[in-house]
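Student: This is what each chain is made of:
There are 2 protein chains.
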Amino acid sequence: MRYSKMFGRTTKEAPHDADSVNARLLTQAGFINQLMAGVYTYLPLGLRVLNKIKTIVREEMNTLGAQEILMPALSPKEPWQKTGRWDGLDVLFKLEGAGGKEYALGATHEEVVTPLVQQYIHSYKDLPVTLYQIQDKFRNEPRAKSGLLRGREFSMKDLYSFHLTEDDLTAYYERVKGAYARIFSRCGLDALVVEASGGTFSKYSHEYQVITDSGEDIVYHCKCGWAVNREIFEGKVGDVCPSCKKGMVESHKAIEVGNIFPLKTKYSDAFGLDVTGEDGKLVRVLMGCYGIGPSRVMGSVVEVHHDERGMIWPKSVAPFHMHLITLSNKDSEVKARVDETAVELHDSFERTGIEVLWDDRDDASAGEKFADADLIGIPLRLVVSQKTLAEGCVEWKERSEPADPPPARGGVRGGGSRLVKIEDVMGEVGEWVKVE
Amino acid sequence: MRYSKMFGRTTKEAPHDADSVNARLLTQAGFINQLMAGVYTYLPLGLRVLNKIKTIVREEMNTLGAQEILMPALSPKEPWQKTGRWDGLDVLFKLEGAGGKEYALGATHEEVVTPLVQQYIHSYKDLPVTLYQIQDKFRNEPRAKSGLLRGREFSMKDLYSFHLTEDDLTAYYERVKGAYARIFSRCGLDALVVEASGGTFSKYSHEYQVITDSGEDIVYHCKCGWAVNREIFEGKVGDVCPSCKKGMVESHKAIEVGNIFPLKTKYSDAFGLDVTGEDGKLVRVLMGCYGIGPSRVMGSVVEVHHDERGMIWPKSVAPFHMHLITLSNKDSEVKARVDETAVELHDSFERTGIEVLWDDRDDASAGEKFADADLIGIPLRLVVSQKTLAEGCVEWKERSEPADPPPARGGVRGGGSRLVKIEDVMGEVGEWVKVE
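These protein sequences, in sequence, are chains A and B.
Residue numbers are given in the working numbering: position 103 of the first sequence equals residue 94, and the series is strictly consecutive.
Residue numbers are given in the working numbering: position 323 of the second sequence equals residue 314, and the series is strictly consecutive.
These aren't lab readings, by the way, just hints derived from the structure by calculation.
A couple of the hints might just be wrong.
Treat identical chains as interchangeable: a pair holds within one or across any two.
Below, a list of computed lysine-lysine pairs in the DSBU-like style, where the Cα atoms sit at most 35 angstroms apart [unchecked claim]:
1) 45 <-> 168
2) 360 <-> 321
3) 168 <-> 425
4) 45 <-> 306
5) 3 <-> 68
6) 92 <-> 3
7) 168 <-> 272
8) 136 <-> 237
9) 3 <-> 272
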């Protein structure tokens, strides 16, 4: 992809109302555009990241054996009344349609999925059932804020499981924990599994929390792996860990990137969701629900992986694998050679499935191109210039390396960059892409 | 995929309020589930079809060079007031959020995309720009009906193009026509390009209409390819064709599956979308918009491709390539051999990317399995049974062939079915899948 043709540009000006690192950097780098508080358009760069996160989530859900469906955002009032959430869920968007009918905009989907499953599941033989969707949710947040972290419209993966016995629910709950660990790890997030309240229906639930100073939540945890949220923590920082009895309780700010909840019969009670058991008697179905917000994961990755120059995307969710920069004076004799090399590299990479963003702009200086590459944060940067071509090379630098020193010193810029022979580049990039 | 594990079952009962073939068949076959009038959940079979249609649309948009973005469904009131559609668009869903703010739910996205482009495009050098999204739209239809044909929430691909000159807009408009022809043809639809009114801003627009008796629209057309809609037709059926001057004007009911519209400056006027021209003066940007509804395409495919037994999916958008049926008495000695053959075939097909739905149910009769396969409408059906194994074969039948005659005649059922040696099946299916 040629950057000169791509829609969405970097800007030096921070958005005036950006209250978080992810809102500022994603906006300045041209990944997202705010339509109003808590509501964003994904530009081509941002949509690529969001889709990569969704793909990772989808792969892990499919590996779990969950089946993908797609429920609507609009839903009728009645099921929300049955569960008490028409009046009880304060962030529920309500609207009126033709003929005075009242609808809710899905903030979550228990009210839709439970009656849906009820239509198809009648016998113990039909269980377990596990269904998920990746779909946009709506919440009437009084204070939408922090960019992609707390939006009014946001992407959500919601998984619902239906079981005959509590043992089966518990076993599945543990399998989901494994899938969630893989999802966050693959997205480059180090998420703590934090015990939280189970409400009135369950002893516990779990949140996945990523420690970062920009988090809204507080978690209490110990190096041994024990972690609980503020709501259920009874003690104080510095106490001996109640789990390992050795470590010390610490507290940190964190972002909740997912949660899992053994709903048990909370919603099957509301809708009377039963199946016929092996003995012919009705059995109330047990449920679990499991959420991850791909857009919030995207914001969290930025909160965790950035420096003063911009974002630093993990390879797995980066919009492109590689940022190719060409440097040459406009209309100069060398420009033809630089561009020819770049076209060959660009096309060869694309043929082998390596995604490359080529900054081919004629009207941007070297300094602007380097600053934009740092801001956009693609993990690998290759530079082709008169200097590198003189050595038969391209300059290779990973975004995670320190800042470039001022240019000079005979073509090699230092600061973590190195020269790679042009004939070796394809092979080296091919190897680099494979490393997790 | 084993049918016994799949969520969403066939039912013999037609939904009581199904007013169209697509609503009835898609519901009975377990592809979709109606939540309320005009609002459906996509079950696993239906979501597979919808996603295949979206993939075809996306591929053709990318081939056009259009860039994918994702705009939100929620939008503020102000841009809709600027274009006069806050009050003027009667199907616009409106809602109130925290703090009394009023929002619209996107029924279309000119009001979002025009101000968005305005933020990034400033010079003639930045044009043309072509952006698309595949996203769910909301329309407060007073009479939602006809299943997926006229919904309150539905999938839409909307493409917007921005140009410096009318010539450039016209040339792009013609290129989109080519892409649209490929999309409908790949989805198995024979769509007429129908001239329609251009409103006050343009001489013309075009609709893509699929002729079928269940259509709500009427098109007037001639075998030469000329076609216009009711709104602009001045004449009567039986007239000499105004285009070729030879053929005769016919009229038919039809479903609109897409439309393209040279908006020209309709929305750039509303928002003052200008760029600096080559001479330094401001130039008003010209726009085009181009829509296709993937969910409506799905409904239209069913309206066109079905018979009294069920749906007949084109290979390109079928939920699976192949429906594998095993027949054997429960716990019979032959069951183990039948299932073993089926597992081998199922796994071999999946390894080579051939999608197979295996009806492995123990509690369904042969008659039920055949009836369900006909209803679901997967294009190729393979049967493994004691009879076919006795000949070292599987039975091969395409869904487009006539109904099965009563079983008998030494294992070969006739009615378009034939026996294929087990060792040849993989190769034959591999060839069959490749044929368009």
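Student: Under a CA distance limit of 35 angstroms, which applies to residue 360 and residue 321: within one copy, between copies, both, or neither?
Tutor: For residue 360 and residue 321, only the intra-copy Cα distance (14 angstroms) is at most 35 angstroms; the inter-copy one is 69 angstroms.
Student: From the Cα coordinates, with 35 angstroms as the cut-off, is the pair residue 92 and residue 3 best called within, between, both, or neither?
Tutor: Answer is between: at 31 angstroms across copies they meet the 35 angstroms cutoff, but 48 angstroms inside does not.
Student: Go through the copies and call it for residue 3 and residue 68: within, between, both or neither, with a Cα cutoff of 35 angstroms.
Tutor: between (46 angstroms within a copy, 29 angstroms between copies)
Student: Is it within, between, both, or neither for residue 3 and residue 272, if the alpha carbons may be no more than 35 angstroms apart?
Tutor: between (68 angstroms within a copy, 26 angstroms between copies)
Student: 35 angstroms Cα cut-off: does residue 168 pair with residue 425 within a copy, between copies, both or neither?
Tutor: within (26 angstroms within a copy, 41 angstroms between copies)
Student: When Cα atoms must be at most 35 angstroms apart, do residue 45 and residue 168 count as within-copy, between-copy, both, or neither?
Tutor: Answer is both; intra-copy 18 angstroms and inter-copy 32 angstroms each pass.
Student: Indicate which option fits the pair residue 136, residue 237 if close means a Cα-Cα distance not exceeding 35 angstroms: within, between, both or neither.
Tutor: Answer is neither; intra-copy 39 angstroms and inter-copy 66 angstroms both fail.
Student: Cα distance capped at 35 angstroms. Does residue 45 pair with residue 306 within a copy, between copies, both, or neither?
Tutor: Intra 15 angstroms, inter 27 angstroms, cutoff 35 angstroms: intra and inter.
Student: For residue 168 and residue 272, with the copy left unspecified, which applies at a CA distance of at most 35 angstroms: within, between, both, or neither?
Tutor: Result: close within a single copy only, 32 angstroms intra versus 60 angstroms inter.
In the structure shown, a violation is registered for the earlier hint numbered 8 alone.
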